[in-house]
Amino acid sequence: MTDEQVRAQIVEAADRLFYGQGIGSVGMDVVRDAAGVSLKTIYRQFPSKEQLVLGVLEHRHDMWTRGIDSAVARADTPRDRLLAVYDHLAAWFEEDDFRGCGFINAFGELGATSPAVAEAVRAHKLSFEVYVDRLVADAGAPAALGPQLAILAEGAQTTAAILGSPDSATVARAAAETLIDAAFAKPTGSAA
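Position 63, counted from 1, in the sequence shown is what full-length UniProt numbering calls 63; the numbers after and before it change by one each time, with no gaps.
By construction, these hints were calculated from the structure, which means they are not laboratory data. There's no promise every hint is true.
[Unchecked claim] No more than 20 Å apart at the CA atoms, straight line, and that leaves these computed lysine to any residue pairs for SDA-like:
#, residue 1, residue 2
1, K49, E12
2, K125, D96
3, K125, G55
4, K49, Q9
5, K40, Q51
[Stated by the list, open to error] Listed next, with one range per pair, are the computed distances between beta-carbon atoms:
#, residue 1, residue 2, range
6, S48, T178, 39 to 47 Å
7, V171, L39, 24 to 32 Å
8, R74, T170, 13 to 21 Å
9, T170, Q51, 33 to 41 Å
10, E50, A182, 42 to 50 Å
11, A75, S48, 19 to 27 Å
12, G108, R74, 29 to 37 Å
13, E12, V171, 29 to 37 Å
14, E4, L163, 37 to 45 Å
15, P147, P47, 24 to 32 Å
16, M63, A185, 14 to 22 Å
17, G36, G108, 26 to 34 Å
18, G24, S165, 21 to 29 Å
19, Y43, E95, 41 to 49 Å
The beta carbon of each residue, even a glycine, is placed where N, CA and C say it ideally should be.
Given these sequences and hints, build the entire structure.
The structure is reproduced here in structure tokens:
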């Protein structure tokens, strides 16, 4: 097995454990057992638990990006591409193991004590905002719509996790439709 494969095996095991049980409640020995490798192998790949958390967040970012890209690619119109974000959320919220946003969860656990984790979470959230901004620009909508749609998606993730209900995606999608329709109804240059 290559170093890359071993690293991926460790990250996938740690991701399942951290996401399902919380980062603080999972020791490295539990990760070792789940990954089927030695502690020495884990620490060779990730010199600290913080580094492993960062590896998991990178993995989650890649999964998120692939999921959003796939949903958006299936949409036919610029408006549908904006709404595809919420369709992706709806499918995700229906998954049996859904526990909310792994980035928000990591920030809640470690954001105050790990500047590196806090920065990784901020970079991910900013990347999503930039992505939505690009979809908004491609649709020819006012730039102010991007942050509105992004924060709506963020709120849906948190609400779905706390309430344990996937309905937040449907509510957020309906609100997004209202925002999109309002943005296109405003004449260019009008006051907000």
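A quick look at each hint next to the structure:
1. Our distance criterion of 20 Å between C-alpha atoms is met by K49 and E12, whose separation comes to about 14 Å.
2. With a C-alpha separation of about 24 Å, the suggested pair K125 and D96 falls outside the 20 Å cut-off, and the hint is violated.
3. Proposed proximity of K125 and G55 is supported: the alpha carbons are some 16 Å apart, at most 20 Å.
4. Between K49 and Q9 the alpha-carbon distance is near 15 Å, which keeps this suggested pair within the 20 Å criterion.
5. Straight-line distance between C-alpha atoms of K40 and Q51 comes to about 14 Å, which keeps the hinted pair within the 20 Å bound.
6. At roughly 46 Å, the beta-carbon separation of S48 and T178 lies within the given 39 to 47 Å, and the hint holds.
7. At about 45 Å, the beta-carbon gap between V171 and L39 misses the expected band of 24 to 32 Å.
8. In this structure the hint that R74 and T170 lie 13 to 21 Å apart at CB holds, the actual value being about 18 Å.
9. Judged by the Cβ atoms, the range 33 to 41 Å given for T170 and Q51 holds: they are separated by roughly 38 Å.
10. A hinted range of 42 to 50 Å holds for the C-beta pair E50 and A182, which are about 43 Å apart.
11. For A75 and S48, the hinted distance range of 19 to 27 Å is not satisfied, since their beta carbons lie about 41 Å from each other.
12. Taking the beta carbon of each, G108 and R74 are about 32 Å apart, inside 29 to 37 Å as hinted.
13. Evaluation of the 29 to 37 Å hint for E12 and V171 yields a pass: the beta carbon distance comes to about 32 Å.
14. Checked against the hint of 37 to 45 Å, the pair E4 and L163 passes, with Cβ atoms roughly 39 Å apart.
15. Take P147 and P47: their Cβ atoms lie about 37 Å apart, and the range 24 to 32 Å is violated.
16. Between M63 and A185 the C-beta distance comes to about 36 Å, which lies outside the given range of 14 to 22 Å.
17. Between G36 and G108 the beta carbons are some 29 Å apart, a value that agrees with the proposed interval 26 to 34 Å.
18. Taken as a hint, the range 21 to 29 Å holds for the pair G24 and S165, whose Cβ atoms sit roughly 26 Å apart.
19. Between Y43 and E95 the Cβ separation comes to about 31 Å, which falls outside the hinted range of 41 to 49 Å.
Hints 2, 7, 11, 15, 16, 19, counting from the list given before, are not met by this structure.
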